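Colleague: Line order of the protein sequences matches chains H and C.
Its first residue numbered 1, the first sequence is counted upward by one per residue in the UniProt record's numbering.
Its first residue numbered 1, the second sequence is counted upward by one per residue in the UniProt record's numbering.
Since the hints were made in silico from the structure, they are not lab data.
In this text, all values refer to a predicted model and were calculated from it rather than measured experimentally.
Some clues are possibly wrong.
What the hints assert, rightly or not - Straight-line distance between alpha carbons at most 25 Å, and here's what the computed DSS-like set of lysine-lysine pairs gives:
#1 K476/H to K374/H
#2 K320/H to K157/C
#3 K97/H to K291/C
Spelled out from the first residue to the last, the chains are:
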Amino acid sequence: MQPSRPSDYVDAGARGLADPDDERSSSDPRRTDAESSGRGDITQPKLGLVGWLRFAWRQLTSMRTALLLLLLLAVAAVPGSLVPQRTSDPNGVVQYKADHPELFPVLDGLQMFDVYSSVWFSSIYLLLFISLIGCIIPRTRHHWQALRARPPRTPARLQRLAGYRNSVSDADPQTAIAEAGALLRQLGYRVERYDSEARGAATYSVSAERGYLRETGNLVFHAAMVGVLFAVGIISGFGYNGQKVIVEGQSFTNVLAGYDSFNPGRFFDESSLTPYTITLDSFDAQYGIDQTTGAAVPLDYEAHLTTKVRGEEPIEANAKVNEPLHIAGNNAYLLGNGYAPVVTVYDSSGEVAFSQAVPFLPQDGNLTSLGVVKVPDAVPEQLGLVGFFYPWAVEQHSGAYASAHPQPGDPLLTFNVFSGDLGINEGIPRSVYALDTDGMTPVAGGEADAAAIELRPGERVELPDGLGAVEFTELKRFVSLDIHHDPTQLWVLIFSVLVVGGLAAALFVPRRRLWVKATVAADARTTLEYAGLARGEDPTLDQAVEDLAARHEAELESRSKR
Amino acid sequence: MNVNAELDTISLVLVYSAMAVYTLAFISYALDLARRSADKPAKIDGLVATDAGGAPAARSSSVGAAIGTASTATVARTTAAERRGEGAGRAVREGREKGSPSLKVGFSLTVLGFLIHLAADVLRGIAAGRVPWANMYEFSLTMTLIIVGVFIAVQVKQDLRFLGTFVIGLSVLILGVSTVGFYVSVIPLPPALQSPWLVIHVFVASLATGFLALGFALSIVQLLQYRRELLSLELQAVKLRFLRSLPSAERLENLAYRLNIVGFIFWTFTLIAGAVWAERAWGRYWGWDTKEVWTFIVWVLYAGYIHARATRGWRGNRSAWLAIIGFSAILFNYTVVNLFFKGLHAYSGL
Ligand code: HEM
Chain H
1 MQPSRPSDYV DAGARGLADP DDERSSSDPR RTDAESSGRG DITQPKLGLV GWLRFAWRQL
61 TSMRTALLLL LLLAVAAVPG SLVPQRTSDP NGVVQYKADH PELFPVLDGL QMFDVYSSVW
121 FSSIYLLLFI SLIGCIIPRT RHHWQALRAR PPRTPARLQR LAGYRNSVSD ADPQTAIAEA
181 GALLRQLGYR VERYDSEARG AATYSVSAER GYLRETGNLV FHAAMVGVLF AVGIISGFGY
241 NGQKVIVEGQ SFTNVLAGYD SFNPGRFFDE SSLTPYTITL DSFDAQYGID QTTGAAVPLD
301 YEAHLTTKVR GEEPIEANAK VNEPLHIAGN NAYLLGNGYA PVVTVYDSSG EVAFSQAVPF
361 LPQDGNLTSL GVVKVPDAVP EQLGLVGFFY PWAVEQHSGA YASAHPQPGD PLLTFNVFSG
421 DLGINEGIPR SVYALDTDGM TPVAGGEADA AAIELRPGER VELPDGLGAV EFTELKRFVS
481 LDIHHDPTQL WVLIFSVLVV GGLAAALFVP RRRLWVKATV AADARTTLEY AGLARGEDPT
541 LDQAVEDLAA RHEAELESRS KR
Chain C
1 MNVNAELDTI SLVLVYSAMA VYTLAFISYA LDLARRSADK PAKIDGLVAT DAGGAPAARS
61 SSVGAAIGTA STATVARTTA AERRGEGAGR AVREGREKGS PSLKVGFSLT VLGFLIHLAA
121 DVLRGIAAGR VPWANMYEFS LTMTLIIVGV FIAVQVKQDL RFLGTFVIGL SVLILGVSTV
181 GFYVSVIPLP PALQSPWLVI HVFVASLATG FLALGFALSI VQLLQYRREL LSLELQAVKL
241 RFLRSLPSAE RLENLAYRLN IVGFIFWTFT LIAGAVWAER AWGRYWGWDT KEVWTFIVWV
301 LYAGYIHARA TRGWRGNRSA WLAIIGFSAI LFNYTVVNLF FKGLHAYSGL
């Protein structure tokens, strides 16, 4: 019999025991030896290259290897939770590098900051999946045959099988067996009659099997695992995601240049971007109060948007934290929000050198926010401003400000001002959120003689030395959207459903064989025997045999009364 | 003080009451275990008789399987062992009302404690105006409730009251630590947690934990029982005696497996529900966030456990160890990862 499962599967070989072709085991199912259990290949003589390859393949697809690889996978996943990962926590990695300058290069060499795409992690799961495929294919073939096969012949001796019981009846043996067959069929078993005339005594029996769904479920489950990996590994290459900060009143257009940052998948093609625009009309945030600490806690964020797909009418839409906006095959997630004060900078000539909404990055729960203004067009010298925005400013004992609440109860903008070379003309990309003040002269705040400037909405402050003026023109809010195109989602979902369904069937559908046998004893009465055999975990087998026997006997009883 | 805060206070009082009742239950269960090792031969329940006859047979068959010579492990199981197992099950079913007085008292107190606990949890939910599992305190409250609930519920199918010390001990411990250490008054739900998936994901995770906790306890008893079964009869009379009236190691293993696979299904579902939710909230269904990593690790460990049960030479003690490691990872995930690891799942509310 072709092994349906790896040779070190607990059941390997054992399942032959109730098969008719296996004379010895059917005469005594409990007595088997190692030779009959698919271990013969170990004593193969010389192995050629092909032999070695087959040997290696068999090792790789054995249960033990699968088990070890699974355990290895679990262990290998641990380090990724101990040190920050570039994908999920890039800032953490930078911080780690600063904190552990010695250790960092070593760990980085071991790909500890990219564990889940590292060579070692990938090899483990790829081996596991090769093993898995090597496992599924022969089992599928075997199961396909089993699905079309008839239940095997009734073993000669049932006594030592599970749930064995016997009884004596006055019913005619043939009728009794026909009755048992009907009963089993009714219970969803596949049924086959086996009658024999051995040693002069007539034996009538039915052999029944059920629970093919168990193996089907197991195969579906394992195949769906391959499906998940396939979707994640291959289909994800067609996806992309990008981030965009949008200030109230502004729009985003879905072209490459429209994104602040963009991560294309391996097979991404720019022409696959559907042109559409998203305009942020307004943003609402609601806050509640933590009863114990009195701190403000966010209740709800909602971005009111207008979207327009080319060639269609504009639509009003909302995005909330757990409710992304769906547009043209993309999802737009509301990830962050904050304040974007409109800052106007006048240079020494009195001209407007800069006037824009500047998104400030929130630093705490009360939205104390940090921002940078770069004014390359200011004359005679470029200007750079670094400052804080406090939606609800309160002065602390130290004289510093803090924000008391995330809502704009008393908005305050403070700036340190620098003049000189912003260093953006050399074409080196610089973060818009950082100002390199190395080559610049402090003008106000910090080391400068003049104090830092403080502005409330609508206010304008002159800079020292006639360098110009800064105005807090207006207060706006911004949201940051994470825009995804993920073609794997649907596939992963489908495969996940198959995983759960397959698993449930594989774990809970009992697969078993039942036999009912009738022989005519010397006193001409009929001896009925019942027994079962579990294939896989089957805690209810005994009960099943017992119930069958009881129902069958009751059936025969009522028949004889008729 | 508004109504909700008042309800919350009542809830807290109920939590303390439940803890008191559970503590009494714990003591009763412990007395029961002590009684089991007491001198006079126990004729408590059907399990005794079966154990006496069944243990040696079980040992020989599991040893055979372990060496790998008996390729018929399944058959041996399904015939001798399983029949015996089911026999024991029936004996227990018939003798449901049996059990030492302290065991009965312990179980009644457990049910009483559960009802108080349930009331506490429901009140907390009403006070918060949402499901009561949005921060570490609430999550502990609900998780222990579900663990005890699962413990009570499985008794319908299988008498596992002897695990009372473990289950109630664990629950009281978690409840105690979290009321003292993690208590926060009702705070509104942050936007990221406002999702029906919170309800599903966390509830199913707790359910899984309830089943896996029982499997874990059974695996520990199994290992002890195995050691006892290896002892000579004279030594059995003096060592690990409280195990005398408990099922055989092999039977314990089968019971543990049945609970663990139920837990595993729920855990699988938890993982998927978590991914769906992560997709909604953060725009990706999987990002190897620390919490996700540990949920994955637990899942893979239990997949390993299930494989071990089907791999020659890995049944018995080795697979029991895997179940124990798996549950330890759950506890780790719930305690250390929640409290000390950095990640997006910062919902401990501390
Ligand atoms: C991605 C890796 C794998 C995972 C997550 C996994 C998971 C599982 C799970 C959860 C089960 C229990 C459900 C059931 O009985 O169908 C199972 C069973 C099984 N797996 Fe896997 N598996 C993996 C790889 C493999 C490989 C590589 C093999 C082949 C060597 C294999 C062979 C089996 C067999 C034979 C069973 C049936 C066990 C039984 O009868 O109880 N699996 N697997």
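Colleague: The structure should be examined with respect to each hint, and the outcome stated for every one.
Modeller: Evaluation of the provided hints:
A distance of roughly 19 Å separates the Cα atoms of K476/H and K374/H; the hinted pair therefore holds under the 25 Å criterion. With a CA separation close to 46 Å, the supplied pair K320/H and K157/C exceeds the 25 Å bound. For the given pair, K97/H sits about 23 Å from K291/C by alpha-carbon distance, which is consistent with the 25 Å threshold.
Taken one by one, the earlier hints fail for this structure only at number 2.
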